[in-house]
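Participant: In the order they appear, the protein sequences are chains A and B.
Just so we're aligned, residue 97 is where the first sequence starts under the working numbering, counting upward by one.
Just so we're aligned, residue 10 is where the second sequence starts under the working numbering, counting upward by one.
Honestly, the hints are just simulated from the structure, not real lab data.
You may find that some hints are simply not true.
Claimed, not checked - With a Cα cut of at most 30 Å, we get these calculated DSSO-like pairs of lysine-lysine: (1) Lys-163(A) with Lys-88(B); (2) Lys-121(A) with Lys-315(B); (3) Lys-153(A) with Lys-571(B); (4) Lys-344(B) with Lys-316(B); (5) Lys-153(A) with Lys-316(B); (6) Lys-121(A) with Lys-571(B); (7) Lys-571(B) with Lys-478(B); (8) Lys-331(B) with Lys-169(A); (9) Lys-163(A) with Lys-38(B); (10) Lys-163(A) with Lys-331(B); (11) Lys-331(B) with Lys-153(A); (12) Lys-171(A) with Lys-331(B); (13) Lys-163(A) with Lys-538(B); (14) Lys-163(A) with Lys-344(B); (15) Lys-163(A) with Lys-478(B); (16) Lys-216(B) with Lys-169(A); (17) Lys-331(B) with Lys-197(B); (18) Lys-163(A) with Lys-315(B); (19) Lys-423(B) with Lys-169(A); (20) Lys-538(B) with Lys-121(A); (21) Lys-153(A) with Lys-216(B); (22) Lys-38(B) with Lys-171(A); (23) Lys-88(B) with Lys-153(A); (24) Lys-331(B) with Lys-141(A).
As the list claims (entries may be wrong) - Facing chain A, a subset of chain B residues (Cβ under 10 Å, in silico): (25) Glu-34; (26) Val-104; (27) Asn-150; (28) Glu-328; (29) His-345.
Backbone N, C-alpha and C define an ideal beta-carbon position, used for all residues, glycine too.
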Amino acid sequence: MRRIITATVLNQSGVLNRLTGLLTKRQFNIESITVGHSDDPGISKITIVVQVEDDRKLEQLLKQLHKQIDVLKVKDLTDMALVARELALIKVITTPDTRSEIKVIIEPFRAAIIDVSLENVTIEVTGDNEKVEALIELLRPYGIKEISRTGLTAMPRGTQKTVYNLNQFSII
Amino acid sequence: MKASWVADEEKSKVQMMSGADMLMEALEKEGVDVLFGYPGGAVLPIYDALYKKNIRHILTRHEQGAIHAAQGFARVTGKAGVVIATSGPGATNLVTGIADAMIDSLPLVIFTGQVATSVIGTDAFQEADIVGVTMPITKHNYQVRRVEDLPGIVQEAFHIAQTGRPGPVLVDIPKDISTALGAFSTPKEVTLPGYQPTVMPNLLQVKRLADAIATAKKPVILAGAGVLFAGAENEILTLAEQHRIPVANTLLGLGSFPSDHPLFLGMAGMHGTYAANIALHECDLLIGIGARFDDRLTGDLNHFAKKAAVAHIDIDPAEIGKNVETLIPIVGCAKHTVSALLRESTSSGDTTEWVYHLSELKSSYPLWYKKDGETLKPQRLLEIIHEETKGEAVITTDVGQHQMWTAQYYGFSKPNRWVTSGGLGTMGFGFPAAIGAKIGNPELPVVAVTGDGGFQMTLQELSVLQELKLPVIIVIVNNQSLGMVRQWQEIFYEERYSQSLIPVQPDFVKLAAAYGIDAAVVTTEEDAKVKLANALESNSPFLLDCRVTSDENVYPMIAPGKGIHQMIGVKP
Ligand SMILES: Cc1ncc(C[n+]2csc(CCOP(=O)(O)OP(=O)(O)O)c2C)c(N)n1
Chain A
97 MRRIITATVL
107 NQSGVLNRLT
117 GLLTKRQFNI
127 ESITVGHSDD
137 PGISKITIVV
147 QVEDDRKLEQ
157 LLKQLHKQID
167 VLKVKDLTDM
177 ALVARELALI
187 KVITTPDTRS
197 EIKVIIEPFR
207 AAIIDVSLEN
217 VTIEVTGDNE
227 KVEALIELLR
237 PYGIKEISRT
247 GLTAMPRGTQ
257 KTVYNLNQFS
267 II
Chain B
10 MKASWVADEE
20 KSKVQMMSGA
30 DMLMEALEKE
40 GVDVLFGYPG
50 GAVLPIYDAL
60 YKKNIRHILT
70 RHEQGAIHAA
80 QGFARVTGKA
90 GVVIATSGPG
100 ATNLVTGIAD
110 AMIDSLPLVI
120 FTGQVATSVI
130 GTDAFQEADI
140 VGVTMPITKH
150 NYQVRRVEDL
160 PGIVQEAFHI
170 AQTGRPGPVL
180 VDIPKDISTA
190 LGAFSTPKEV
200 TLPGYQPTVM
210 PNLLQVKRLA
220 DAIATAKKPV
230 ILAGAGVLFA
240 GAENEILTLA
250 EQHRIPVANT
260 LLGLGSFPSD
270 HPLFLGMAGM
280 HGTYAANIAL
290 HECDLLIGIG
300 ARFDDRLTGD
310 LNHFAKKAAV
320 AHIDIDPAEI
330 GKNVETLIPI
340 VGCAKHTVSA
350 LLRESTSSGD
360 TTEWVYHLSE
370 LKSSYPLWYK
380 KDGETLKPQR
390 LLEIIHEETK
400 GEAVITTDVG
410 QHQMWTAQYY
420 GFSKPNRWVT
430 SGGLGTMGFG
440 FPAAIGAKIG
450 NPELPVVAVT
460 GDGGFQMTLQ
470 ELSVLQELKL
480 PVIIVIVNNQ
490 SLGMVRQWQE
500 IFYEERYSQS
510 LIPVQPDFVK
520 LAAAYGIDAA
530 VVTTEEDAKV
540 KLANALESNS
550 PFLLDCRVTS
560 DENVYPMIAP
570 GKGIHQMIGV
580 KP
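Could you put the whole structure together from the sequences, leaning on the hints where they help?
Facilitator: Written out as structure tokens, the structure reads:
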């Protein structure tokens with residue numbers, strides 16, 4: 097089960113190391129992890145995408161994260177209405193023939209070409225996982241030279257569907 | 010104009026001091042009167058500052074000795090044990106003790122020297138990234154980057170180590186921070202927004218437990234070390250007596266319930282009593298208090314407390330539901346929670362039959378060993394230690410068979426007299442821990458029960474005994490083997506004794522003599538009684554090399570992968 101979890105942390109040295117070390121030690125499989133500071137430079141927000149087997153494991157993960165001294169808040173966003181985005185840079189091999197074709201392909205994705213050379217173009221795309229994956233698959237036949245992805249960052253939407261299951265966890 | 014003049018005046022009154030002096034000042038503020046440590050280049054400024062102070066420093070002969078001693082001190086006093094070591098090898102020598110303290114929740118504050126900030130990260134002489142190394146085995150750790158931060162960090166470190174679920178906190182101090190000058194200041198109170206341990210329980214959950222107690226026919230209390238940390242022994246006793254609920258202990262919880270009480274079932278787990286384990290297997294309500302359901306306790310989880318509603322009281326929310334599915338989770342300190350429970354729970358279920366059934370099991374399947382002939386049985390040796398110390402001593406152990414026999418046969422009836430390495434199972438722990446325990450509680454006799462194997466891992470601390478004339482009695486349960494390893498090889502590896510027999514041992518009596526410590530060989534029961542009595546009487550350091558039967562095994566036992574009800578060796 098893929099979960100999207102955010103941790104709000106004090107921006108102390110080593111805090112990212114602490115969290116990733118904790119996840120490794122407890123055998124959680126990290127898919128992606130992104131960090132950046134919030135509007136307060138002393139406070140950072142970490143978004144973790146992680147594979148978790150079951151609810152018990154998930155509860156344990158949230159509690160262990162929360163237990164860290166530098167962690168202020170832990171939130172599982174998976175079942176919430178949320179906005180989740182990833183940025184990917186994709187360098188695709190081009191020939192004079194394919195260049196305009198690629199332009200057409202990326203357009204519906206609202207992706208942009210941000211660098212051009214004789215042999216390739218670099219495309220920037222932002223979106224959720226599926227969107228990024230879909231674009232990559234479409235571009236693959238042209239020959240992808242390099243991909244750089246940021247991993248997911250996310251936050252809950254301003255409006256939430258009313259109830260989600262509050263009793264899911266014994267205590268957090 | 011005037012205002013700024015005043016401000017300048019104030020400023021000039023602020024005394025500038027070095028980081029090392031700040032550390033001493035901060036330690037005094039925390040009420041620290043003893044340190045365990047070992048000097049070296051990176052902590053020389055700190056040792057120089059210590060020279061001017063009236064804080065006792067115990068120079069062990071290895072950093073591992075210092076940290077185990079601090080653990081023993083913490084275990085019997087409930088206060089943080091404080092350790093200082095130098096950078097690099099000094100710091101890495103602490104790692105075993107830090108991991109041990111972490112898993113057994115012992116409060117420690119550890120100061121390590123670090124190379125100067127200008128060379129950190131260059132593989133400088135005696136540089137080790139101890140903050141990185143200890144991240145997964147400390148409750149929290151710090152590296153001081155600005156001298157002004159030092160007093161505040163020390164204050165936080167003690168706060169974190171001693172509150173909530175206790176644990177080790179490491180503070181790494183680069184050498185140039187120790188010598189840099191700054192103004193000493195600490196906030197009035199520690200404010201850590203991300204660290205707010207829940208001490209008071211949620212009353213709704215307490216009420217649920219009270220209701221469960223009111224209807225349970227087969228309840229059992231499993232009391233762990235959390236009861237001792239909280240000082241909740243009396244509350245547990247009242248709870249058990251008021252509702253007639255039998256009590257089992259975890260290994261580390263021994264001493265939290267009187268061992269001679271009719272409701273006491275003994276220790277549960279791998280080498281626990283049959284009655285305690287069957288109680289956990291058959292109960293309809295299991296009340297775990299300050300116990301973390303370690304796999305050595307539960308055996309195969311598929312068979313653990315399957316018929317029970319599990320209630321779990323723990324100050325660490327992450328422990329609840331970690332291993333055992335919990336119906337009634339209560340986060341809180343054991344003392345406050347059980348007090349609240351006592352106020353809440355007015356009626357109890359009828360437990361008469363259950364209590365009778367378990368006391369039947371207790372008397373039909375007692376701990377046993379074969380009493381034969383001349384040789385000294387290790388189990389009997391432990392009974393003799395109990396008799397001679399009247400059960401009053403602080404007992405520390407190493408890890409192995411002797412540890413389990415001590416847990417089974419010493420009979421702990423009072424809190425904070427049992428010092429052992431439970432979660433990590435660290436050989437070499439017992440003897441240095443005894444030194445720390447004696448320094449922490451000089452009033453009580455202290456006996457270190459060790460194996461002939463484990464004692465040789467930290468025996469250099471005999472030097473400390475000699476120097477301080479500390480009346481610690483070392484009892485080597487000498488079975489000429491790495492007994493517990495030998496036992497497993499006998500039972501599970503068809504008697505292939507690969508590297509577990511050590512028939513050639515040093516002459517422990519001569520060894521002790523080299524350190525100026527009285528010692529004797531013990532070969533019979535009579536010997537044990539007389540020599541132990543003498544040793545206790547002498548009120549000086551003493552070593553007893555007790556030659557016990559070498560092929561004895563610890564029973565009963567839950568074999569690995571088996572359920573708690575499938576014990577072997579229950580009967581002779
Ligand atoms: C540092 C360390 N290394 C290895 C072990 C594995 N181990 C557990 S018990 C044991 C044998 C202990 O022998 P001894 O100290 O003689 O005690 P006995 O079991 O004979 O009472 C060993 C090697 C350990 N617990 N700790």
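Participant: State for each hint whether it applies.
Facilitator: Evaluation of the provided hints:
| no. | hint | verdict |
| --- | --- | --- |
| 1 | Lys-163(A) with Lys-88(B) | 22 Å, holds |
| 2 | Lys-121(A) with Lys-315(B) | 28 Å, holds |
| 3 | Lys-153(A) with Lys-571(B) | 23 Å, holds |
| 4 | Lys-344(B) with Lys-316(B) | 27 Å, holds |
| 5 | Lys-153(A) with Lys-316(B) | 23 Å, holds |
| 6 | Lys-121(A) with Lys-571(B) | 26 Å, holds |
| 7 | Lys-571(B) with Lys-478(B) | 47 Å, violated |
| 8 | Lys-331(B) with Lys-169(A) | 20 Å, holds |
| 9 | Lys-163(A) with Lys-38(B) | 27 Å, holds |
| 10 | Lys-163(A) with Lys-331(B) | 13 Å, holds |
| 11 | Lys-331(B) with Lys-153(A) | 8 Å, holds |
| 12 | Lys-171(A) with Lys-331(B) | 19 Å, holds |
| 13 | Lys-163(A) with Lys-538(B) | 49 Å, violated |
| 14 | Lys-163(A) with Lys-344(B) | 21 Å, holds |
| 15 | Lys-163(A) with Lys-478(B) | 43 Å, violated |
| 16 | Lys-216(B) with Lys-169(A) | 28 Å, holds |
| 17 | Lys-331(B) with Lys-197(B) | 36 Å, violated |
| 18 | Lys-163(A) with Lys-315(B) | 29 Å, holds |
| 19 | Lys-423(B) with Lys-169(A) | 40 Å, violated |
| 20 | Lys-538(B) with Lys-121(A) | 48 Å, violated |
| 21 | Lys-153(A) with Lys-216(B) | 27 Å, holds |
| 22 | Lys-38(B) with Lys-171(A) | 38 Å, violated |
| 23 | Lys-88(B) with Lys-153(A) | 34 Å, violated |
| 24 | Lys-331(B) with Lys-141(A) | 26 Å, holds |
| 25 | Glu-34 | 24 Å, violated |
| 26 | Val-104 | 15 Å, violated |
| 27 | Asn-150 | 8 Å, holds |
| 28 | Glu-328 | 9 Å, holds |
| 29 | His-345 | 16 Å, violated |
Of the numbered hints listed earlier, those contradicted by the structure are 7, 13, 15, 17, 19, 20, 22, 23, 25, 26, 29.
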